[in-house]
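Asker: Listed below, chain by chain, are the residues.
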Amino acid sequence: MSTPLALNRITDLLMNDSKAKVLSKNETRSRTPLIFERHSRNHAEWLPALEGHEETYLKSIPQDFLRKKEANLPSVSELEVVRHFTGLSQKNFSVDVNFYPLGSCTMKYNPKCLDAIASLSSFSLIHPYQEESLAQGALKILFEMQEYLSEITGMDEFTLQPAAGAHGELCGLLIAGAYHRARGSKKTKVLIPDSAHGTNPATAALCGYEVVTVKSNAKGLVDFDDLKSKLDSGVACLMMTNPNTLGLFEEDILEIAKAVHAVDGLVYYDGANMNALLGICRPGDMGFDIVHMNLHKTFAVPHGSGGPGSGPVGVKKHLIPFLPSPRVLKQKEKFLFEKQAPQSIGKLRSFYGNFGAIIRSYAYIKALGKEGLRAVSENAIINANYLRVRLKKMYDVPYDGICMHEFVMAATRQKKKGVRALDIAKRLLDYGVHAPTVYFPLIVEEAMMVEPTETESKETLDEFVQILEKIEKEIEQDPAIVLEAPHTTPVGRMDEVLAARQPNLRFKNS
Amino acid sequence: MQYISNTDNDKKVMLEAIGVSSFEDLVAKVPKSLRNFELRLPKGKSELELLSEMVEIGRENINFHDYASYLGAGNYDHFVPTVVNALAHRGEFITSYTPYQGEASQGTLQSIYEFQSLICELTAMDYSNASMYDGASGLAEAALLALRSTGRKKIVVPVTIHPEYRTVVKTYTSCLDVEIVEIPMAADGVLDFEILKKSIDENTAAVLVQHPNFFGLLEDVRAIGEEAHKAGALFIACVNPISLGILEPPGEYGADIAVGEGQPLGNPTAFGGPHFGFFTVKEDFLRKMPGRIAGMTVDKVGRRSFVLTLQAREQHIRREKATSNICTNHSLCALKGAIYLSLLGKEGLKKLALLNLKNAHQTYDALLKLKGVREFSRRPFFNEFVLHLEKDAGNLKASLEANKILGPLALNAFYPKQAGAYLFAVTENRTPSDQQRLLEAISAS
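Just so you know, the protein sequences line up as chains A and B, in that order. Per our numbering, residue 138 is the first one in the first sequence, and the count goes up by one each step. Per our numbering, residue 825 is the first one in the second sequence, and the count goes up by one each step.
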């Protein structure tokens, strides 16, 4: 497989080496009018015509309750709508078009057959409240998915209800809270490593906990001594990502889990980096009590420009009674919803979860099977290490060593030459490559977090290295082209201060 | 089926470049004791085998093409024009990430800005975010906003709000020092206004209301809002977006926060998700809103452009001091909402609402003429209503199935005292022949 796009972009740039020329070429496609600024007629003819007597039914509603001023929606033809949103779509980078090594986000290829399956009317046109006997297929999928995830993670039971990773975290900490309350323990603190995702402390705070930060050591792992000094009977939970956000496996995990359990705390697994572990090892075996999975990362649910994802939560036996309700059960070859769950934390959203996302992951697991799942992580790890080794000649890798599915390099050498990680990220866009995650984790200066994923080819990775080499030359010879990048995107760097100081958050007609 | 691009030879070359002799060397830091297992999962399948198996599993579900659905209660069988999925399912939308790199995401950012604008127009509220997970979690986040904003500890929740939504509000606040005060239902199916008045005090952070309520009935929103405001509490309305084609929007009857389930706007029911929740506020609460917000700005040469803005509220900047832990929105579902509203236009919105109103009232009138069917309330309704059916539940279920009807929803699942009461939803998709089958099914039971 080849991805000629990135290389074509290089050729493009070489041929248009006058920057001004490139700009003017893009000027024409830079501005798409707002849908509100387009004008034509629309009669919503995809709806049946009114028969004329409909307004009489309005009489059943008192005047006070009726809308007086029409909503100022745009009036455009179907063709205008098609051109408008097609035009907008073309202003996006996406996995279908671009290499997207965005660390921590697992931007892998999402098989197209999964979209087709989720769109079948037998899965998309079904109602959450139809009789269980008329939805056995959907219930079977939910039930088996609970089982698949339990097997893959080494947990005892799963809920599929949470809508996203952060929603899964909320679910997990509410379960931890309910568990401790049921045992009569007063727990006030949640421990979180300094390399953690921002959602971890935000979730802990949302659940009313005090957040205590645990330091990383010189190897980039949780500092076990610092952790031990902060462990006491007030600790409800330790939240960890493994491999951590530096892409490193937390090798002391068994001892860490034991120490937290010793003060009657729980260990929570943030599954953002599960793409490294499929078939290799399981958080349940490491001692984690609660895990969340990101189906949109590891299990091929497309990211959809920012959702919907799905964040199922798995627990060990002692926490099953606290799972959100209802879980799906199997009795005598029939699938049904659990009817009573007196200790359940309740519900995190309406109905049962993002079924349309879950079904994609279910089909993905079936397609890959056990060998395929392990191949995912093997290839993700090989790809990441290959890139790390090739790039460390150019970039500092502050916590160097064998990584898992991603690694963090630092643009510190480049910074000395006046070019920062952000500038390199923006310049990559000119070459048709989405930027890595920059300035995260917070513990690495000028961080660039690279996650190539298993679906990319060696050829694409080699092209990526070539592009970074070219940028390196630009930094030496013509830093302005990097500092002012991107040049080929629909717009250049934006005034974020203006956006925040004078918020313009909606179209207004007047 | 595997979706791996590298050949075995590629892998060999890469392992050599890394300087290890086998893959196992790359995971040597994972304790051996953890690596000694094998997944107990089936073997993989080809796409051909997978599709045929999934089609088979799908046969175990009855869908809206098989049966006519009278089920509602938060998810509705509305018509989705072909254009919605044709556009939203483009790879450039479906396989891109949250628009952190603004220059590489102008399509998503402008569409979010347009979504926010469309939702503001629909609700007559000042500002909208980029969307929430669904209506229920949006309502819970609205309650949290009110608690933060007022520093008070009490949330007033009528039982006429969707029971699952009430549970979600309870769950979200279960670890906090918050009191939830339930307001019972009056005899005519709306909240008991006298008890509401007595229940609001100087410690009330917010009064929540669903309008139309769970039973499809219009609540006396203006008066409820006035009561909330008298005590300095926030007034939070949870609304059905299609109803706003004819019903007064929450921005005009005094809501401080208005939220709702976006599924009716171009999203399939899909067994309950994914959909999106919309979340709107009056100006005063803008900087307390949860979730992503897109704003218009200019780039360095003055071109109009769009960015994620007011991010100082969010978890990736503020960590434990964020206004919410929410990270993603439900962007693709919200995009479907934006495309759908653009296709509707202002005339289409009213037309759609009128078609729903007409269909629901025609079915209501016809049902009431049947023997054994009794009125539940005389309050006005939009496209959902409750009726008492004096029928044996088992016979009724069998008769509905025999006539290929999904629903109505038996209320006793949520309200044990309401045995024999059923909630019907009637959308523009229901035809006169569907109605005929429904009437026959109920008469025959």
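A couple of the hints might just be wrong.
Claimed, not checked - Just so you have them, the derived chain A footprint on chain B, three or more residues with Cβ under 8 angstroms: (1) 825-833; (2) 872-878; (3) 1109-1119.
None of these hints come from the bench; they were simulated from the model. Since the structure is predicted, the reported quantities are computational estimates derived from the model, not experimental observations. From the three backbone atoms N, C-alpha and C, an ideal C-beta is built for every residue, glycine too.
Asker: With reference to the structure, classify each hint as holding or not holding.
Answerer: Hint-by-hint comparison with the structure:
no., hint, result
1, 825-833, "holds (count 6)"
2, 872-878, "holds (count 4)"
3, 1109-1119, "holds (count 5)"
Of the numbered hints listed earlier, not one is contradicted by the structure.
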